[in-house]
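*Asks:* Fit chain B to the known structure of chain A by using the hints.
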Amino acid sequence: MKDIFRKQKILKAPGRLKRHYDVVIVGGGSHGLATAYYLAKHHGITDVAILEQSYIGSGGAGRNTTIIRSNYRTPEGAAFYKESVALYERLSAELDFNLMFSQHGHFTLAHSDRSLVVQNERAEVNKLLGINSRVIDRDEVKRLCPQIHVGDDVTWPIQGALYHPPGGIIRHDAVVWGFAKQVCRSGIEIHQGIEVTGFDVRDGRCHGVRTTQGNVSAGVVLSATAGWSSPVAKLAGVELPITTSILQAFVTEPVKPFLDKIIVSAQMHIYVSQTDRGEFLIGAEVEPYPTYSNKGTFPFIEYSTRHVLELFPQLHSTRILRHWTGLCDMSPDYSPIMGLTELDGFLVDCGWGTYGFKAAPITGVTLAELIATGKTPALIEPFKLERFYTDTLVSELAAAAVSH
Amino acid sequence: MSRLEARDGERIDRSQPVSFTFQGAAVEAFEGDTIGSALYAAGRRTFSRSFKYHRPRGLQCCIGHCANCQMNVNGTPNVRVCATPVSSGDIVKGQNFVGSLDFDLMQATDKFAGPFTPPGFYYKTFIRPRKLWPLYEKFLRNAAGLGVLDRKGKREARVDVENRHVEVLVIGGGRSGLEAAITHAAEGRQVTVVDEGPEAGGALLSDPAGKGVAADLRARAQAAGVEVIAPAIAIGIFEYGFVPVAVGNLLLKFRAERIVVAAGVIEQPLVFPGNDLIGVMLPEAAKRLVEWWSIKPGERAVVITADDRGLEAAASLRTAGVLVALVIDLRVEQPPNIEARGRRGRLHAVSVNGETVKADLLVMSGSPQPNAKLLAQAGARVVYDASRGIFVPESLPENVEVVGSAAGDVGAPAVPAAVLGHQGDKCFVCFCEDQTPKDLAYAIAEGFDSIELSKRYTTVTMGPCQGRLCSTNAIRSYAKTKGVDENTIGTTTARPPYTPVPMGLVAGYPQEPARRTSLHHRHRDLGARIMWTGAWRRPHSYGADAGVEAQNVHEKVGLIDVSTLGKILVTGPDAGAFLDRVYPNRFSDLKVGRVRYGVITGDAGRIIDDGTVGRLDDETFYVTTSSTGADGIYQWFGWWNAVWFMDVQFANLTGALAAINVAGPASRELMTRLSDDDFSNEAIAYLDARAVTVAGVPALALRIGFVGELGYELHLASPQAVHVWDALLKHGADLGVAPFGLEPQRILRLEKGHVIIGQDTDSESNLHEAAMPWLVKNDKEFEWVGKWATQQVADRGLRNMLVGFESPSGAMPVEGGQVVVAGRSAGRITSVRHSRELDKVIGLAVVPVALAVDGGRFDVQVDGRAVGMIVRLGHFYDPEGARLRS
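Read top to bottom, the protein sequences are chains A and B. Take the first sequence: its position 90, counting from 1, is numbered 90 in my numbering, and each next residue is one higher. So the mapping is simple: my numbering equals the position in the second sequence, first residue as 1, plus 1000.
Honestly, the hints are just simulated from the structure, not real lab data. Hints are not guaranteed to be accurate.
[To be verified] Below, simulated DSS-like cross-link-like pairs (lysine-lysine); rule was C-alpha separation at most 25 Å, straight line:
#, chain 1, residue 1, chain 2, residue 2
1, A, Lys-7, B, Lys-1480
2, B, Lys-1591, B, Lys-1777
3, B, Lys-1426, B, Lys-1111
4, B, Lys-1480, B, Lys-1438
5, B, Lys-1154, A, Lys-256
6, A, Lys-384, A, Lys-234
7, B, Lys-1111, A, Lys-7
8, A, Lys-256, B, Lys-1138
9, A, Lys-7, B, Lys-1438
10, A, Lys-7, B, Lys-1591
11, A, Lys-9, B, Lys-1730
12, B, Lys-1426, B, Lys-1480
13, B, Lys-1777, A, Lys-9
14, A, Lys-9, B, Lys-1093
15, A, Lys-256, B, Lys-1253
16, B, Lys-1426, A, Lys-12
17, B, Lys-1093, B, Lys-1358
18, B, Lys-1124, B, Lys-1111
19, B, Lys-1124, A, Lys-41
20, A, Lys-7, B, Lys-1426
21, B, Lys-1730, B, Lys-1556
22, B, Lys-1093, A, Lys-256
23, A, Lys-12, B, Lys-1480
24, B, Lys-1482, A, Lys-7
25, A, Lys-142, B, Lys-1154
[To be verified] What follows is a list of derived Cβ distance ranges for each label pair:
#, chain 1, residue 1, chain 2, residue 2, range
26, A, Pro-231, B, Pro-1848, 37 to 43 Å
27, B, Gly-1855, A, Thr-243, 26 to 32 Å
28, B, Pro-1808, A, Thr-243, 44 to 50 Å
29, B, Asp-1216, A, Pro-231, 55 to 61 Å
Quick reminder that beta carbons are idealized off the backbone N, C-alpha and C, glycines included.
So that you can see chain A by itself, here it is in the shape it has in the complex:
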């Protein structure tokens, strides 16, 4: 308790960039930081540099809509995210940083019979893995979330929902800072404002990175650059089956507690939650055109507000405060791509589309293990880049019309 009276150095500025590290992590987002944290914690590897072109958490980690859940469609995906949720539940205490994980339940609305079948499938997959998910009817949706409008007088009446009680929201910046705090304490260096401009590739192996502050050699290089994964991997000569699009979101002015559940509608391409600050946080699906331009569009605001008001007409006068975009690196099967590439010494962590943030801790654990041992942990075996050559895709697509 006395900690709050005392200023703590939460983020430590590193010294000059050294010329060699055992591990270089490109990207100071939640994944890069989590990987560094578990490298130190589980494997005692601390000769590590994180290179971030902007500031930590400036990409997806600072732009996502903070939803944590594990109710995925594929057994591979659900098992992976189940571990992630379990780690998140312990993470505040572990990092000694309150991440404000608020687990009040996640609802994926179904507006048609077909959608109910998909939700049933997710529930069945989840049940087999011990994940708390079940399909509920319209009346139960109304009982659990009385604020929601369930009438037939809308474009997409609610037919039922997949209910996932452990689903919740978390303070996303806190996840970044909490990891960063412990990473700094372990002696790992976080270098902000350094851009990777190339890789030292010789004899089929990546020997290091070229940066705006000189060359650095490394035993292993991990690219955890989310939206920028394709161009970064290309610098190493590795081609990724990824397209990049934007996803848009907005928050409203804060109001007193109104909604503590997370409501997702795939049909209407929206999801709604209310943050601990009182703002409504509303996001949409990935825009259908590839782009790196982080420019918001007004049509997004129009259709998403229209859809929100079908679910929550009470919000009609609630004002939109701030609207932003983030990059989404989409893989063909809507599952991530993690681990080894054809280039020795160059690992990727990408294809996170719209579901990267919720995987941060388990990604850190598994990639740290891979880096430390050279062996791919079973949990991420299905997500290897190689699957696009062996045609063993992990399709979250049927469930991921909206993926939050």
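*Replies:* Chain B only, in chain A's frame:
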């Protein structure tokens, strides 16, 4: 009462009294007042309670920028009453307090919590024990937020949207904006001006000498043909000159060839202890109180200003009889030590360098910032001009210009120090979030030393004013603490909207109406239970028992409305060759008058749709798609032909044509009764397509059998569907004709093992593993879309297979139920139904290929336990297809 005698140029109409209630008590006002001005005139000084410390706050900007006057108006929380015109009968209440606005119990946080609640304190506390977190969270949640939302609130206001095209859109109708508009109009351009204020004029409106100038400019603009819209708020400048503008309940969507931003300045607070006390306000607030609403804002005033604004305010105050006790022009000298002292939150005295002046009003004016928010959002850079302490826009987007004070034309204001005085606890940089320079320094010391990190950690600039009143002061504070210049600190990214806009306004009205077929009302009349299938509304069934409806098709004759099927006419010399490329199987060899089933695969060899293709003549094919695939496949065809340039055209006839499937053993008899055409097996054999006339209506009859019985799918013009439907029911009454819905159709097709794309397939399904290898024709002249990938599947070996199954125990798994092998998911049930005809539970499932043998057994999880199922390859019903061909 603070109202003055009537004054020249006042904006209130004293002949039009208006009455509303505040906290249940009546308040008298005049037409032209805002709720804020009326309350101020009636003596109210406390307007709100601050976000974090619940400090009392009063009017500060009077132009709707700050969060100080947010109240609940007619059930809507967070309304900035200073800029909300008063309406008779308004019900106004304060918000964010426990007790009352004037005596808020939560103010204890100001007295006691301050030192205990530094920035980010919530990240460091309430961590252990974990099980208490939900309790803490509830407390934190209740403390946060401002107004309370009406849980029963409805969307009542009508909202309209209008699209506008203009040559020049001028944002801001002050002096520079109107002058720019007049110039453009004189050069022959069509010009519209939008302005936030009640009328165009901007700062001129609150300047005694300027009111006449504004009226003259408005008259000249009108004479020049300029359209002026006010009050109107430009929400943002988006790409290609797109500017949505909020005008009450009307959303104007402008597309402008040229945009002129004349948004003026945003007045800035000064940072000194007590700068948030009630009575401390910006110059424009003091001026508006006097000049617009004829209110005497206080008795004794102190003015501290970095530019002429403070002096102008002082002049206005004097005319209202306010004693201006002290004026400090920061351009002359910057006193190192300023402190405002208060009693119960209200300004009582101002101390300057130890000298204390009694005052109940303090007008402060920092260096006014060019209002470049719209420009920054649109992609302009803002650069710090250290000599004047202002951020000036640069590198404007194409076709956007900026004029007047928004461009930096603000004279030569003084650059105020980051903090004027001792940096105390009650010295605010950010009023919305109650952040002080000490808080910012604290964040920097903790390592949050870039503006973006620090912004997120302290939440400075993230409140309702969105940085208007705090961004510059925060940057100055960071620069001072870190010992670098303001340009090094930089600004945070500007985000739309320009000002918070209600969701209801931008939502407009629903634009996704349900799709209904031309027979929809017949279904309703027949008692159909309507269901939602994507955009379409379709009959689920007509009676209580779908099984009975299905039986009627087996035994007699049924009608189903299949108008939702996609219908694409593919014509041209290359039509057959084109279809050979987009389908795995061959169509160029299809004989005229014949129909063939086809599945469409994507580039990756995954199944994306299915349907039938009938050849009407050498160059004409009639393609049907699934109901949900209609638009997608039409686009798919066009997309591919944009690559291939084949001589082929596509017409999407989905809405233009209705389709009725007449199915059952009596269907031939029924058709014969309604048509002179020959419906014998010789004339229209299974998989034939014929032009026929039914009940006098020309139709295309496709003899296909999705539901497994002799049947004819009639495609005809939508407007005539009702006539044909009625005739079929009437003339088939004695044959036992009855309509059947989607649910019985699902049972019937399952008995035949026919797949539904998207239900029995998913995004990974391919022809081999969906048990349709017979559709793969690799001997075609050209590649077909998905050929390579489909071959890869065959080469790598099959892993799963879509199979039929029956449930020997009669247990009914759910669709989506998991096939379990050794305790793990190994497949899934895609469809399952009880068949009355077979008296069995049957279905389709994806199972590991090793299990895909007739009679093979597999387990499915049903209600948490494994239940055995038996694989059945081949159709359950009429496996030889004798009934289809009969």
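*Asks:* For each hint, tell me whether it holds in the structure or not.
*Replies:* Cross-check of the supplied hints:
{"no.": "1", "hint": "A:Lys-7 x B:Lys-1480", "in the structure": "19 Å, holds"}
{"no.": "2", "hint": "B:Lys-1591 x B:Lys-1777", "in the structure": "17 Å, holds"}
{"no.": "3", "hint": "B:Lys-1426 x B:Lys-1111", "in the structure": "11 Å, holds"}
{"no.": "4", "hint": "B:Lys-1480 x B:Lys-1438", "in the structure": "12 Å, holds"}
{"no.": "5", "hint": "B:Lys-1154 x A:Lys-256", "in the structure": "18 Å, holds"}
{"no.": "6", "hint": "A:Lys-384 x A:Lys-234", "in the structure": "18 Å, holds"}
{"no.": "7", "hint": "B:Lys-1111 x A:Lys-7", "in the structure": "21 Å, holds"}
{"no.": "8", "hint": "A:Lys-256 x B:Lys-1138", "in the structure": "11 Å, holds"}
{"no.": "9", "hint": "A:Lys-7 x B:Lys-1438", "in the structure": "12 Å, holds"}
{"no.": "10", "hint": "A:Lys-7 x B:Lys-1591", "in the structure": "84 Å, violated"}
{"no.": "11", "hint": "A:Lys-9 x B:Lys-1730", "in the structure": "85 Å, violated"}
{"no.": "12", "hint": "B:Lys-1426 x B:Lys-1480", "in the structure": "19 Å, holds"}
{"no.": "13", "hint": "B:Lys-1777 x A:Lys-9", "in the structure": "68 Å, violated"}
{"no.": "14", "hint": "A:Lys-9 x B:Lys-1093", "in the structure": "43 Å, violated"}
{"no.": "15", "hint": "A:Lys-256 x B:Lys-1253", "in the structure": "32 Å, violated"}
{"no.": "16", "hint": "B:Lys-1426 x A:Lys-12", "in the structure": "29 Å, violated"}
{"no.": "17", "hint": "B:Lys-1093 x B:Lys-1358", "in the structure": "32 Å, violated"}
{"no.": "18", "hint": "B:Lys-1124 x B:Lys-1111", "in the structure": "21 Å, holds"}
{"no.": "19", "hint": "B:Lys-1124 x A:Lys-41", "in the structure": "21 Å, holds"}
{"no.": "20", "hint": "A:Lys-7 x B:Lys-1426", "in the structure": "20 Å, holds"}
{"no.": "21", "hint": "B:Lys-1730 x B:Lys-1556", "in the structure": "15 Å, holds"}
{"no.": "22", "hint": "B:Lys-1093 x A:Lys-256", "in the structure": "15 Å, holds"}
{"no.": "23", "hint": "A:Lys-12 x B:Lys-1480", "in the structure": "20 Å, holds"}
{"no.": "24", "hint": "B:Lys-1482 x A:Lys-7", "in the structure": "17 Å, holds"}
{"no.": "25", "hint": "A:Lys-142 x B:Lys-1154", "in the structure": "17 Å, holds"}
{"no.": "26", "hint": "A:Pro-231 x B:Pro-1848: 37 to 43 Å", "in the structure": "40 Å, holds"}
{"no.": "27", "hint": "B:Gly-1855 x A:Thr-243: 26 to 32 Å", "in the structure": "45 Å, violated"}
{"no.": "28", "hint": "B:Pro-1808 x A:Thr-243: 44 to 50 Å", "in the structure": "47 Å, holds"}
{"no.": "29", "hint": "B:Asp-1216 x A:Pro-231: 55 to 61 Å", "in the structure": "57 Å, holds"}
Of the numbered hints stated above, those contradicted by the structure are hints 10, 11, 13, 14, 15, 16, 17 and 27, listed in ascending order.
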